[in-house]
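Using the sequences and the accompanying hints, generate a full structural model.
Okay, here's what each chain looks like letter by letter:
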Amino acid sequence: MERVAIIGVGQSEFGELWDSGFREIVLKAGIDAIEDAGLEGKEIEAIYIGNMSGGRYLAQEHIAALIADYSGLAELGVPATRVEAADASGGLALRQAYLSVASGVHDIVIAAGAEKVTDVGSEMTTDIMASSADREWEGFVGATIPALYALMARKHFEMYGTTPEDLARVSVKNHKNGALNPKAQFKREITVEDVLNSPKVAEPLRLLDCAPLSDGAAAVILANEKIAREYTDNLVFIKSCTQASDYLALHSRRDITTMEAVRKAASLAYKMAEVSSQNIDVVEIHDSFTIAEIMAYEDLGFVEKGKGAELIREGITELDGSLPVNPSGGLKACGHAIGATGIRQAVEITSQLRGEAGKRQVDCETGLSLNIGGTGATAVVTIYGVV
Amino acid sequence: MLPRFWRKIKYRYDIVGSVCETCNTKYYPPRNFCPICRRRSSIKEEMFEGKGKVLSYTVVHDTPEEYKLEKPYIIALIELDNGPVITSQVVCSENEIRTGMRVKKAFRKYFEDGEDGIIYYGTKFVPDED
Ligand SMILES: [Zn+2]
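Going line by line, the protein sequences match chains A and B. Okay, so the first sequence: first residue is 38 according to our numbering, each after it adds one. Okay, so the second sequence: first residue is 4 according to our numbering, each after it adds one.
Worth double-checking, as some hints may not be accurate.
Claimed, not checked - Below are the SDA-like pairs computed for lysine to any residue, each with C-alpha atoms no more than 20 Å apart in a straight line: (1) B:K74 - B:Y124; (2) B:K56 - B:A109; (3) A:K213 - A:L244; (4) A:K344 - A:G358; (5) B:K13 - B:I39; (6) B:K56 - B:K11; (7) A:K213 - A:D357; (8) A:K301 - B:I39; (9) B:K56 - B:I121; (10) B:K112 - A:R172; (11) B:K29 - A:S289; (12) B:K112 - B:D17; (13) B:K71 - A:G158; (14) B:K29 - A:T163; (15) A:K220 - A:E61; (16) B:K127 - B:G53; (17) B:K13 - B:Y113; (18) A:K237 - B:Y124; (19) B:K112 - B:Y76; (20) B:K127 - A:R172; (21) B:K74 - A:T163; (22) A:K237 - B:A109; (23) B:K56 - A:T163; (24) B:K13 - A:G158; (25) A:K237 - B:K71; (26) B:K56 - A:F194; (27) A:K301 - A:G343; (28) B:K71 - B:I121; (29) B:K29 - A:R291; (30) B:K71 - A:E160; (31) B:K11 - A:E351.
As the list claims (entries may be wrong) - To be clear about the criterion: a stretch of chain B counts as covered by chain A if any three or more of its residues have a C-beta under 8 Å from a C-beta of chain A, and this derived list gives those stretches: (32) 17 to 29; (33) 39 to 48; (34) 56 to 63.
Stated by the list, open to error - Computed Cβ-Cβ distance ranges for the label pairs, DEER-style: (35) B:N85 - A:L305: 32 to 38 Å; (36) B:I12 - A:E72: 55 to 61 Å; (37) A:L305 - B:I12: 37 to 43 Å; (38) A:A102 - B:S45: 44 to 50 Å.
What the hints contain is simulated information worked out from the structure, not anything from laboratory work. Here the structure is a predicted model, which means the values were calculated and not measured. All C-beta atoms, glycine included, are put in the ideal place defined by N, C-alpha and C.
The structure is reproduced here in structure tokens:
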């Protein structure tokens, strides 16, 4: 396998981007990434794009062709592929792009993720997100995505003593980090009391336990190591990028306090990258709901099962802790532009490893990102390093 | 939604799932294929009794459009006696619901499709404690 480096990153703002259409948002992220890499554009051999539901958010399918067209790469006939795994679509695009370079098939490719959600109303948005779980056997009875995460949270509380305050601390931390990120949707700090007093969504989850659904796009340029060295000395390598599946519905899983797909993808990722969970310096976790971040601490092997809350209680995952998690603000504060999230996480870890993360910079050489689809039926784990 | 719903009515009105006779694992909703035995699967239909206990639950306040009139409602994972785990609504007060609670199936209305006026029915659960 060829070694794969990230040589360019780009990201639009995340949030309610009323003035921008899908094409503008994607183009902004793509052009930023191409400029950051110092490419002209025509060097790109393939496009991979993560997008969950262009069909329902925009009534537009064939998203990859649209992007090839508006980026000028259709003129050159560059192949463009859209991949989908609900809100892990971006992670999948990153992995497809990585595999295409690692295999030696391509030398330089772009992986992007994008979603435009605010052109439809919030009820439609809830319904579209529900399609990331089992529509016929969960959605039909009224089990929304927050409700399904609430079932996991309740079980975690009862089995391991995790509390609503622990969940609130995750949100507080991520907002604190988001306040330092110019691209974040929410740049304001909140308190534990704010979270505990916010409206109930699906008990025990409240509004401020839930990430927003946002407009946004992100892009990264991947290159074969030999080519990469012609463009930059500040290389960030993808050391491994793995993906695993689990049962789509919660009721089919043996233990709803564990995401098996995360455990399986992580264990393979550590093995392929030849690092252990203890070697990781900085992490981006898919905190679509606060409980997901606590479960991920455990399933990624940072702490044993049931002890996830200790990391947030003891400040270990704060920006100045020994294992900073979600320096970007995470999905909660940076925003969750569904299909863009997996790529947005790669942009953050790359900026951190390059030492270009500004006020939220942490000391790091090895990073990890975790992108989750729906309630955990898809997980993508990527490990990054400067060597 | 409608054709998809009618195809599955038999499995929704009663709790009809599957059992794999090779490994004796029970499934709900029904499967045509056992994920454990795969090619050695031997799947048969089985009706579950409809009694069990609450594994986890949530009171849902932020509801989909079709459930607006029901809010808040309770969603639970219910472990059926000698059977699989099912996702369903539990009809009881917010103060009454707790994990470990015994429940039994009941035939109830789920929602009404505003546009067509079609009413969707299915299995819900109610408390079963003496
Ligand atoms: Zn079997």
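Status of the hints after comparison with the structure:
1. At roughly 17 Å between alpha-carbon atoms, K74 of chain B and Y124 of chain B fall within 20 Å of each other, so this suggested pair holds.
2. For the proposed pair K56 of chain B and A109 of chain B, the alpha carbon gap of about 14 Å is at most 20 Å, so the pair holds.
3. At most 20 Å may separate the alpha-carbon atoms for a hinted pair to count; K213 of chain A and L244 of chain A meet this at roughly 17 Å.
4. For the proposed pair K344 of chain A and G358 of chain A, the alpha carbon gap of about 17 Å is at most 20 Å, so the pair holds.
5. Between K13 of chain B and I39 of chain B the CA atoms are separated by roughly 25 Å; this puts the pair beyond 20 Å, and the hint is violated.
6. For the suggested pair K56 of chain B and K11 of chain B, the alpha carbons sit about 24 Å apart, so the restraint of at most 20 Å is broken.
7. Distance hint between K213 of chain A and D357 of chain A is fulfilled; the C-alpha atoms sit about 12 Å from each other, no more than 20 Å.
8. As the CA atoms of K301 of chain A and I39 of chain B are separated by approximately 17 Å, the hinted pair is consistent with the 20 Å bound.
9. Straight-line distance between C-alpha atoms of K56 of chain B and I121 of chain B comes to about 31 Å, which puts the hinted pair past the 20 Å bound.
10. Our distance criterion of 20 Å between C-alpha atoms is met by K112 of chain B and R172 of chain A, whose separation comes to about 18 Å.
11. Of the supplied pair hints, the one linking K29 of chain B and S289 of chain A holds, its CA atoms being roughly 10 Å apart against a limit of 20 Å.
12. Restraint check for K112 of chain B and D17 of chain B: satisfied, since their Cα atoms lie roughly 14 Å apart, inside the 20 Å limit.
13. Distance restraint check for K71 of chain B and G158 of chain A: the Cα-Cα separation of roughly 15 Å lies within the 20 Å cut-off, and the hinted pair is therefore satisfied.
14. Restraint check for K29 of chain B and T163 of chain A: not satisfied, since their Cα atoms lie roughly 31 Å apart, outside the 20 Å limit.
15. In summary, the hint linking K220 of chain A to E61 of chain A is supported, as the alpha carbons are separated by about 16 Å, within the 20 Å threshold.
16. For the given pair, K127 of chain B sits about 10 Å from G53 of chain B by alpha-carbon distance, which is consistent with the 20 Å threshold.
17. For a cut-off of 20 Å, the pair hint linking K13 of chain B to Y113 of chain B stands: about 15 Å separates their Cα positions.
18. For a cut-off of 20 Å, the pair hint linking K237 of chain A to Y124 of chain B is broken: about 27 Å separates their Cα positions.
19. Distance check on the hinted pair: K112 of chain B and Y76 of chain B sit about 13 Å apart at the alpha-carbon level, within 20 Å; holds.
20. Our distance criterion of 20 Å between C-alpha atoms is met by K127 of chain B and R172 of chain A, whose separation comes to about 17 Å.
21. For the proposed pair K74 of chain B and T163 of chain A, the alpha carbon gap of about 15 Å is at most 20 Å, so the pair holds.
22. At most 20 Å may separate the alpha-carbon atoms for a hinted pair to count; K237 of chain A and A109 of chain B exceed this at roughly 28 Å.
23. Annotation: proposed proximity of K56 of chain B to T163 of chain A is violated, straight-line Cα distance about 29 Å (limit 20 Å).
24. Our distance criterion of 20 Å between C-alpha atoms is broken by K13 of chain B and G158 of chain A, whose separation comes to about 34 Å.
25. For the suggested pair K237 of chain A and K71 of chain B, the alpha carbons sit about 15 Å apart, so the restraint of at most 20 Å is met.
26. Pair hint K56 of chain B plus F194 of chain A holds up; C-alpha atoms about 18 Å apart against a cutoff of 20 Å.
27. Restraint check for K301 of chain A and G343 of chain A: satisfied, since their Cα atoms lie roughly 18 Å apart, inside the 20 Å limit.
28. For a cut-off of 20 Å, the pair hint linking K71 of chain B to I121 of chain B stands: about 16 Å separates their Cα positions.
29. Between the alpha carbons of K29 of chain B and R291 of chain A the distance comes to roughly 13 Å, so the proposed pair stays at or under 20 Å and holds.
30. Distance hint between K71 of chain B and E160 of chain A is fulfilled; the C-alpha atoms sit about 10 Å from each other, no more than 20 Å.
31. Under the criterion of a C-alpha separation no larger than 20 Å, the hint pairing K11 of chain B with E351 of chain A is inconsistent with the structure, at around 49 Å.
32. Judged by the Cβ-Cβ criterion of 8 Å, the region 17 to 29 of chain B is not covered by chain A as claimed, because only 0 of its residues qualify and three are needed.
33. Counting residues of the region 39 to 48 of chain B whose C-beta lies closer than 8 Å to any C-beta of chain A gives 0; at least three are required, and the coverage claim is violated.
34. Three residues within the 8 Å Cβ limit are the bar, and the region 56 to 63 of chain B against chain A gives 6, so the coverage statement holds.
35. At roughly 36 Å, the beta carbons of N85 of chain B and L305 of chain A sit within the given window of 32 to 38 Å.
36. A hinted range of 55 to 61 Å holds for the C-beta pair I12 of chain B and E72 of chain A, which are about 57 Å apart.
37. About 42 Å separates the C-beta atoms of L305 of chain A and I12 of chain B, a value consistent with the hinted range of 37 to 43 Å.
38. At about 46 Å, the CB distance of A102 of chain A to S45 of chain B agrees with the hint of 44 to 50 Å.
Comparing the model with each earlier hint shows violations of hints 5, 6, 9, 14, 18, 22, 23, 24, 31, 32, 33; every other hint is respected.
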